[in-house]
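Fit chain B to the known structure of chain A by using the hints.
Going down the list, the protein sequences come from chains A and B. Each residue of the first sequence is one higher than the last, beginning at 1 in this note's numbering. Each residue of the second sequence is one higher than the last, beginning at 252 in this note's numbering.
Check the hints yourself; a few may be wrong.
Listed next, with one range per pair, are the computed distances between beta-carbon atoms [unchecked claim]:
id: 1; chain 1: B; residue 1: 371; chain 2: A; residue 2: 139; range: 34 to 40 Å
id: 2; chain 1: A; residue 1: 190; chain 2: B; residue 2: 427; range: 52 to 58 Å
id: 3; chain 1: A; residue 1: 57; chain 2: B; residue 2: 682; range: 49 to 55 Å
id: 4; chain 1: A; residue 1: 108; chain 2: B; residue 2: 427; range: 42 to 48 Å
id: 5; chain 1: A; residue 1: 119; chain 2: B; residue 2: 599; range: 57 to 63 Å
id: 6; chain 1: A; residue 1: 241; chain 2: B; residue 2: 634; range: 49 to 55 Å
id: 7; chain 1: A; residue 1: 122; chain 2: B; residue 2: 582; range: 39 to 45 Å
id: 8; chain 1: A; residue 1: 139; chain 2: B; residue 2: 288; range: 55 to 61 Å
id: 9; chain 1: A; residue 1: 138; chain 2: B; residue 2: 599; range: 42 to 48 Å
id: 10; chain 1: B; residue 1: 624; chain 2: A; residue 2: 190; range: 40 to 46 Å
id: 11; chain 1: B; residue 1: 671; chain 2: A; residue 2: 110; range: 31 to 37 Å
id: 12; chain 1: B; residue 1: 682; chain 2: A; residue 2: 110; range: 32 to 38 Å
id: 13; chain 1: A; residue 1: 116; chain 2: B; residue 2: 624; range: 48 to 54 Å
id: 14; chain 1: B; residue 1: 582; chain 2: A; residue 2: 148; range: 39 to 45 Å
Which chain A residues face chain B? A few, computed with CB under 10 Å, are given here [said to hold, decoys possible]:
id: 15; residue: 51
id: 16; residue: 71
id: 17; residue: 72
id: 18; residue: 73
id: 19; residue: 75
id: 20; residue: 87
id: 21; residue: 88
id: 22; residue: 90
id: 23; residue: 91
id: 24; residue: 92
id: 25; residue: 97
id: 26; residue: 105
id: 27; residue: 106
id: 28; residue: 141
id: 29; residue: 161
id: 30; residue: 162
Everything labelled a hint here was simulated from the structure, so no lab data went into it. Remember, predicted model here, so these are calculated numbers, not experimental data. No residue lacks a Cβ here, since even glycine has one placed at the ideal position from N, Cα and C.
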Amino acid sequence: MLKIKDLHVSVQGKEIINGLNLEVNKGEVHAIMGPNGTGKSTLASVIAGNESYEVTQGEISYNGKNLLELSIEDRAREGIFLGFQYPVEIPGVSMTNFMRTALDEIREYRGQEPLSAAAFLKYMKEKKALVEMNAKLNNRSVNEGFSGGEKKKNEIFQMAMLEPKLAILDETDSGLDIDALRIVANGVTKLKSPENATIVITHYQRLLDYIVPDFVHVMYDGKIVKTGDKSLALKLEEKGYDWIKEELKAK
Amino acid sequence: MSKNKTEIAPQLKEDLLHQFEATIDSFEAKESPFFVEKRKKAYEEFKLLGFPDNTLESWRKTNLKPFLERAYDIEYLPAKTTSPKESIFQCDINQFDTDLYTMLNGEWIEGANGVTTYDNGTIVANLSIAKLAFPDLFKAHYGECVINERNGLIALNSALYQEGYFIYVPDNVEHNTNLQMVNIINSEQSIFTNTRNLVILGKNAKLKLVHCDDSINNNSSFINNVTEICLQEGADLDLYKLQNKDDEAIVMTSTFIRQAKDSNLSSNTIVLNGGLIRNDTHVSLNGRGANADVMGLYLVDRKQIVDNHVYISHNVSNCSSKQVFKGIVDDQAHSIFNGHTMVKQDAQQTIAFQNNNNIQLTTKSKIDTHPFLEIYADDVKCSHGATVGQLDMEAMFYLMQRGICERNARMLLMSAFVRQIINEIALPTMRASVDELVQKRLKGELSACEQCSIQCIDPDKPIHFDIDISKI
Numbered sequence: 001m002l003k004i005k006d007l008h009v010s011v012q013g014k015e016i017i018n019g020l021n022l023e024v025n026k027g028e029v030h031a032i033m034g035p036n037g038t039g040k041s042t043l044a045s046v047i048a049g050n051e052s053y054e055v056t057q058g059e060i061s062y063n064g065k066n067l068l069e070l071s072i073e074d075r076a077r078e079g080i081f082l083g084f085q086y087p088v089e090i091p092g093v094s095m096t097n098f099m100r101t102a103l104d105e106i107r108e109y110r111g112q113e114p115l116s117a118a119a120f121l122k123y124m125k126e127k128k129a130l131v132e133m134n135a136k137l138n139n140r141s142v143n144e145g146f147s148g149g150e151k152k153k154n155e156i157f158q159m160a161m162l163e164p165k166l167a168i169l170d171e172t173d174s175g176l177d178i179d180a181l182r183i184v185a186n187g188v189t190k191l192k193s194p195e196n197a198t199i200v201i202t203h204y205q206r207l208l209d210y211i212v213p214d215f216v217h218v219m220y221d222g223k224i225v226k227t228g229d230k231s232l233a234l235k236l237e238e239k240g241y242d243w244i245k246e247e248l249k250a251k
Numbered sequence: 252m253s254k255n256k257t258e259i260a261p262q263l264k265e266d267l268l269h270q271f272e273a274t275i276d277s278f279e280a281k282e283s284p285f286f287v288e289k290r291k292k293a294y295e296e297f298k299l300l301g302f303p304d305n306t307l308e309s310w311r312k313t314n315l316k317p318f319l320e321r322a323y324d325i326e327y328l329p330a331k332t333t334s335p336k337e338s339i340f341q342c343d344i345n346q347f348d349t350d351l352y353t354m355l356n357g358e359w360i361e362g363a364n365g366v367t368t369y370d371n372g373t374i375v376a377n378l379s380i381a382k383l384a385f386p387d388l389f390k391a392h393y394g395e396c397v398i399n400e401r402n403g404l405i406a407l408n409s410a411l412y413q414e415g416y417f418i419y420v421p422d423n424v425e426h427n428t429n430l431q432m433v434n435i436i437n438s439e440q441s442i443f444t445n446t447r448n449l450v451i452l453g454k455n456a457k458l459k460l461v462h463c464d465d466s467i468n469n470n471s472s473f474i475n476n477v478t479e480i481c482l483q484e485g486a487d488l489d490l491y492k493l494q495n496k497d498d499e500a501i502v503m504t505s506t507f508i509r510q511a512k513d514s515n516l517s518s519n520t521i522v523l524n525g526g527l528i529r530n531d532t533h534v535s536l537n538g539r540g541a542n543a544d545v546m547g548l549y550l551v552d553r554k555q556i557v558d559n560h561v562y563i564s565h566n567v568s569n570c571s572s573k574q575v576f577k578g579i580v581d582d583q584a585h586s587i588f589n590g591h592t593m594v595k596q597d598a599q600q601t602i603a604f605q606n607n608n609n610i611q612l613t614t615k616s617k618i619d620t621h622p623f624l625e626i627y628a629d630d631v632k633c634s635h636g637a638t639v640g641q642l643d644m645e646a647m648f649y650l651m652q653r654g655i656c657e658r659n660a661r662m663l664l665m666s667a668f669v670r671q672i673i674n675e676i677a678l679p680t681m682r683a684s685v686d687e688l689v690q691k692r693l694k695g696e697l698s699a700c701e702q703c704s705i706q707c708i709d710p711d712k713p714i715h716f717d718i719d720i721s722k723i
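The following block holds chain A by itself, in its conformation from the complex:
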């Protein structure tokens, strides 16, 4: 599904990712862990198409297409979803209007008829139940005045609405209490299918108790330096990152 080869990314002349390789297939869950400032969020932003980052070298292919040639919105319409670490507040744009516009455009791109207003509202209601969102969401402005937990739940709700093929969740667990974490993680698990894939960026093994990864990658200094199964996450939780740094020095 997603193939990243020798990716180099700079922001304002400073190289953040240097020579990253990653392959994600459908049905898989990948966790990316690593110390702060090693390029995890940058990787998520680059896949989503954020223009603040410059890809200086390497390639990303997505379902056989050159991802780097697609616009931000076309990547989304092709099924890439980014769960933001810091969801943006947009006063004056209602959740209903936002989701309706997005869904209409995605459906048009895929050659589907737009949903009728009634069908749309029914669909929205179903998806809200999935993430245990309260009923007053519809007329509220996007993320405006939402608590930290509500913002993250709202990300999962949008993911449920748009049914992406590749979801990248950038520290969706940070700032959540145990109950919110469980709701968010359950939402992600329910949305999982053999046809889609998930990349979870996290600092904590705790989330991975709920969203069980097939692969755990450790990012350090702009590349993936170690890959393992879920036991790697447990080891990181226990020992921290120093042993990985030591291993790298030894090479």
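Just chain B, lined up with the frame of chain A:
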């Protein structure tokens, strides 16, 4: 002001003074000495003041010179109107429930041609007839607006005005039909008109009034409008002004509102299109407990200029006022906001608030904003603020990451920005209609053929290709 300064548009001024001298006999024949004396006084004032120029503080940012030095037909008579009356009215705004009164090129064509009296005693009439029919109301309320050196346009209007509307709502009457006064320009000539309106709300009277300035063709025109509004004790007026003019149209409106004890004004000015639009709003809060909310929205692009000047004077204690203006400025357009709240020495316990927010879409557009408080009392709550910014790029990325194209993402953010002002419109049908118009305007679908630089409507008009010297 230096006596030696060169006046702007001296020829037009001269022509207008001659026009007055040629018309004064006919004014004397039709009007009582009360009006004629006021005209003569205003004539002298205009002679002294001339047109306002850039040396005056309140006209520093808006240069009238190029607009006044066009050739205007000041002797224009309505009889010259050539368009059939049935086909000229194409108002997009009139989809809401109002009683419609229409003026074409400064002359009444629809609604009250004469005096309309409602069952509840409310009167709507054209000004020329009302002057004769209701001399006492005029003596009490007409011509109370201040003429000073800042505005020769008001003096000019007071000397030469011909027509306009008159509205009177008696004491304790809540007028339940909304009145819509439409002022359309559609002329082959480049006309210069002085229109004059008077609105009086008696004690505890209520009215919702919609004032529209529209134009249809692309000839240049100059409207110099003065509206006087008197709100007596406990009166309540919702005033909506909608301006959708073509790119060559110049509209100057000066609105003077005097408010007595416990009266309430809610004014909302929405500028969708126009060549040069200047709205001066003067509010005098003269009785305790009076409140004035003066709001506005402007959407300008190409080379349009919109200038909103608001002056609110708190003359007594315990009054409140609010000024909220928002604008989106595109291409090489220029917007000016000047909000001045004056709190006089005796106006203790005043609550006054000003805010102006702008989105600047291009580097060539220009935004001037000047919120200003002048306070002589010591027990007041006043605040002011202004912002000029671009669309939030983080929000753009967020929307586009959900599959929304750039154009729609911009639309969503721009409509969200203007929604605050539209939501203040108290008439639900009008709110929906204005919302739709604003959406159309933001999408560039309103006045579509004016968006085009070729202007095939008027093939004789030269096409200007502008060169940005800074880029050479």
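Against the structure, the hints:
In this structure, residue 371 (chain B) and residue 139 (chain A) meet the distance hint of 34 to 40 Å, their C-beta atoms being roughly 38 Å apart. About 55 Å separates the C-beta atoms of residue 190 (chain A) and residue 427 (chain B), a value consistent with the hinted range of 52 to 58 Å. The beta-carbon spacing between residue 57 (chain A) and residue 682 (chain B), approximately 54 Å, falls within the hinted interval of 49 to 55 Å. Restraint check, residue 108 (chain A) to residue 427 (chain B): a C-beta distance of roughly 45 Å satisfies the suggested window 42 to 48 Å.
Taking the beta carbon of each, residue 119 (chain A) and residue 599 (chain B) are about 59 Å apart, inside 57 to 63 Å as hinted. For residue 241 (chain A) and residue 634 (chain B), the Cβ-Cβ distance of about 50 Å falls inside the hinted range of 49 to 55 Å, so the restraint holds. Checking the proposed 39 to 45 Å range against residue 122 (chain A) and residue 582 (chain B) shows it holds: the Cβ atoms sit about 43 Å from each other. Checked against the hint of 55 to 61 Å, the C-beta distance between residue 139 (chain A) and residue 288 (chain B) comes to roughly 58 Å, which is consistent with it.
The beta-carbon spacing between residue 138 (chain A) and residue 599 (chain B), approximately 45 Å, falls within the hinted interval of 42 to 48 Å. At about 56 Å, the CB distance of residue 624 (chain B) to residue 190 (chain A) disagrees with the hint of 40 to 46 Å. As the Cβ distance of residue 671 (chain B) to residue 110 (chain A) is approximately 35 Å, the hint placing it in 31 to 37 Å holds. Checked against the hint of 32 to 38 Å, the pair residue 682 (chain B) and residue 110 (chain A) passes, with Cβ atoms roughly 35 Å apart.
Between residue 116 (chain A) and residue 624 (chain B) the beta carbons are some 52 Å apart, a value that agrees with the proposed interval 48 to 54 Å. Between residue 582 (chain B) and residue 148 (chain A) the C-beta distance comes to about 41 Å, which sits within the given range of 39 to 45 Å. A least Cβ separation of about 8 Å between residue 51 (chain A) and chain B falls short of the 10 Å threshold, and the interface hint therefore holds. Below 10 Å, beta-carbon pairs count as interface contacts, and residue 71 (chain A) has one with chain B at about 8 Å; its hint therefore holds.
Contact between residue 72 (chain A) and chain B, as hinted, is supported at the beta carbon level, the nearest pair being about 4 Å apart and thus within 10 Å. About 5 Å separates the beta-carbon of residue 73 (chain A) from the nearest beta-carbon of chain B, less than 10 Å, and the hint is met. This hint holds: residue 75 (chain A) has a C-beta 8 Å from the nearest C-beta of chain B, less than the 10 Å allowed. With a least beta-carbon distance of about 7 Å to chain B, the hint placing residue 87 (chain A) at the interface is held under the 10 Å criterion.
Annotation: interface hint on residue 88 (chain A) holds; nearest CB of chain B at approximately 4 Å, less than 10 Å. A least Cβ separation of about 5 Å between residue 90 (chain A) and chain B falls short of the 10 Å threshold, and the interface hint therefore holds. Residue-level restraint check for residue 91 (chain A) holds (minimum Cβ-Cβ distance to chain B is 6 Å; threshold 10 Å). Given hint, residue 92 (chain A) at the interface with chain B, holds; its Cβ is 3 Å from that chain's nearest Cβ, closer than 10 Å.
For residue 97 (chain A), the shortest C-beta to C-beta distance to chain B is roughly 7 Å, which falls under 10 Å, so the interface hint holds. Against a cut-off of 10 Å between C-beta atoms, the interface hint on residue 105 (chain A) holds, since the closest Cβ of chain B lies about 5 Å away. For residue 106 (chain A), the interface hint holds, since its Cβ comes within 10 Å of a Cβ in chain B; the closest pair sits about 4 Å apart. Checking residue 141 (chain A) against chain B by beta carbon gives a least distance of about 8 Å; that is within 10 Å, so the hint holds.
Evaluation of the residue 161 (chain A) hint against chain B yields a held restraint, the C-beta minimum of about 9 Å falling below 10 Å. This hint holds: residue 162 (chain A) has a C-beta 7 Å from the nearest C-beta of chain B, less than the 10 Å allowed.
Of the numbered hints given earlier, the model fails hint 10 alone.
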